[in-house]
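Undergrad: Starting from two chains that each stand alone, build the complex the way the hints lay out.
Sequences listed follow chains A and B, in order.
Under this note's numbering, residues 1 to 180 are what the first sequence spells out, in order.
Under this note's numbering, residues 1 to 360 are what the second sequence spells out, in order.
To be clear, the hints were calculated from the coordinates, so they are not data collected in a lab.
All values reported here derive from a predicted model rather than from experimental measurement.
Derived, one-sided and incomplete: chain A residues facing chain B with beta-carbon distance under 7 Å:
1. K29
2. V31
3. S59
4. M60
5. T62
6. R109
Ideal Cβ positions, reconstructed from N, Cα and C, are used throughout, including at glycine.
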Amino acid sequence: MMEFKKKVSEMISLWIGEEVAVEWRIDIKGVMTGWCRLQEGTLILPAAEAVACLEGRLSMITAYLSEQAKLKGVREISFHFDLNGTTLTLSIELPLEGARIPSLTHIFRNADWNEREFMELYDIQVVGHPDPRRLFLDKSIDPAAFERLIPYSTFSNGANSKALWEKVMAQNNHTGKEIP
Amino acid sequence: MSTSVIKLGPHQLALEEPMYFRVEVDGEIVVGLDVLAGYVHRGMEHLVMKRNFYQNITLLERLCSLCSNSHPSTFCTAVEEVAGIRIPARAEYLRAIADEIKRISSHLFNCAIIAHIIGQTALFKTVMEIREIMQDTKESIYGNRMDLAANCIGGVRYDLTPESAAYLGKQMERMKGPLDELYRTYATDQAIRTRTEGLGILSKPDAVNYAVVGPVARASGIVYDVRKKNPYGAYDRLRFEVATEQGGDVRARAMVRLREAREAVSLIEQCLADMPPGAIYADTLPEIPAGETIAKSEAPRGELIYYLKTDGTDMPVRLKWRVPSYMNWDALQVMLKGHSVADIPLIVNSIDPCISCTDR
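In isolation and in its complexed conformation, chain B is listed as follows (with noise of 0.2 Å):
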């Protein structure tokens, strides 16, 4: 067998950020895969230890703009943990609101990429108009339309008045039929099908051995999410079905990431429905005592780990995160193995990577 090696970037791969692969090639065929990163390092492990928990939390909503809220809120969970900080309830409610929000911008994102690669320009518009449903959400509560400023340690940053609750739930009301409609689209129309359907397959056993996570994961059968395995803030009393496929192929994870929006627009009904009144953040905080934790949480790409070890001061001696892409790189070598070179901007994005969360 006589292989060539090409390299391709995000122009080719229809990525919105710089990554790069080193593709061995036989022919037309993929027959293996080097993942290139760094071209969006900046260091933030070692700014993270520069400066204090306050404003780590604004360094940290800063990481990454599609899972801006997952990063402060699990380091928020962190410096709580270590502290012994309980925050209120209704604060927990709140924070289960907003990482929700984006998880339904974030996997709408993603379906739209998906639509654009195979050459459905009217889809890709529709879905971007409906994902727009929560742009506007977002930019009506919080003010800004992707990164929300809502957690602070001991709570969140924000509250909503009676209106903006009412607004809040008639937003979800209109986003059901379009996302029902959406699903159906990805679930039966021939051409989506025809593209995605056993394309880039990911085994469960391979699933299992590459430890990918999140919708990656899930698309190949493994029941795990972190909301469900290691319950935190709200999400303990909320319910919610764990979506899962077993096809393991591009068309599996859109069905995963659009079967996780409507039940997203469930939760924060459920929220809303739920929320008790009262304080939003706790009244007094402790200083940080020295010691060491782990948090957790669901980000929209899956399973996202904080570790923090503090001193007694008010700056982490380490804070250490990884992310979910940081798990499903890998796996691209088994995805893309045997499949056309046409086939590689699809296949890569439907990991959704988030490449400033790999680098950091």
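In isolation and in its complexed conformation, chain A is listed as follows (with noise of 0.2 Å):
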């Protein structure tokens, strides 16, 4: 176990070129999990990069944006690695105006969906993502949908009210034909 932990330590700061600490817990069934927080936004490509060469999985990406990270003026995202069992979490922070972050699309494949859905939900732009469309928003709904008030129905696109259903006859008398 503690030449694990020393391999995952040493594969991130080699990548990202200075010593990074992975605080390291263990759950009462014997489950370990790292956690590390990078200083700076753009080093979560290198240390991706070296998740990678540890044969490392991308599990998830959750962006955030908590009252206590607004008064410092940032938001925050973390990636949530597997490896092999372990869930290696690296988080980062962003400003909070003209977050740019770039695409680990080219390392993890599965990528693409999840930076596809923060970039819909938070005001972070992904640079370098191949296909940067809206992935469940229709595209009609302001973008940042976690940062602003909208209305619950709009957010759901209608699917728990009526809302959708006289958005698609309304779309049906405009075109006269009907909806695939």
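TA: Here's what the structure looks like:
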């Protein structure tokens, strides 16, 4: 276990060019998780390269904007990787305004949907994403949906009310043909 | 090469939930795919940040019906981890029982759909009848055929009396013969093999590249099951084999699910035999402190991961989860390429997609 921890820290340090400290926690079942906060947002790219060298897999990306972070003038993203059963979370801070982050899609193919999703929920631009279209939300909904007040029926595409049906019917009347 | 694009929706694909596909075809052959999601998006990650931890258990159970136990159970595990709550041993076994009951029902539903798509109507009916034993079991023990309401922070909300445990044991005994027979049928029936073998192949290198999880990954030879890799609850004390296949095709994915259904019966029996008496939930709960954690489980469709960030209040600062289907959609590009349009419904359903889970 010590060897594994050392290997992970050394590989990330090697790729980003500075010493990083990973905090390791072990739960009552002996399952280990690693937690690391990178100094700059752009470091996520070499850090992800390091994880790929360790044969890791991208599990999930979580973007979030807490009140505490807002007071500091930052927003956060956590990248959760799987290293053969051990979850390693690498977190970064980005500025509140004009947040930009490099895409990980050329390292981890499955970053595609994760990045498209947080781009529509938060005011974060992913640089170099091959297909930065909306993933779930309709184009008509303002960007950064989690950062503004949006009526719930609009946010959920009207799926929980009659709003979606009314929208389809209105479009139907407008075009004069059936919606596929 | 001149190609055209066709749009397919749930009606054409035998899906019970809305997901659309923009398929690029050369004549009858699939050459490209674009998955169009969001038609059942309910903004649930937003809703969970506006509700307290207790309300979120109820909300998350309604995320989807087929894996409805995995969500509240994994969420509760995350809250317990942040707060340092240790749930009673009996509750760990009761959570495993609920999870495995749901796994059997979910896997059988998919195997029935596969039979339906390939025109095996009698087999479809047989599989659904076998599944009905599980539905009756859920209704008898939990009072509901889909949402079990089994979990609470610190343990579970239900217990098994000696009578109900005996009933569950008998129901599992009833499942063994039919499940073995189903496995034999899917493994040897020539008509089924002809339609499923060599179809929708996802090689092991592609499975790694696309980072697929669950039965889809295991059918391509990836030996990964969260219950083994990240033991949680009672799984560190339960014995089972991780079901894997090497074919990576529609048949391999069905075979993995049928073997897992059979293993789940054994896991439930082990739980019934090994479950200690005692409390089913922690007596006192501390306040949930500020912190962050990861919780994982093996849902019927594969690895489910939850990230929870708290600030000391009774509402999450952020609760994010990634469902197994989210990882598996993209791999359809590989599975469908080179196959006929007529094979699309069968290949799409072979990943057992959960659309309510994907969209949230």
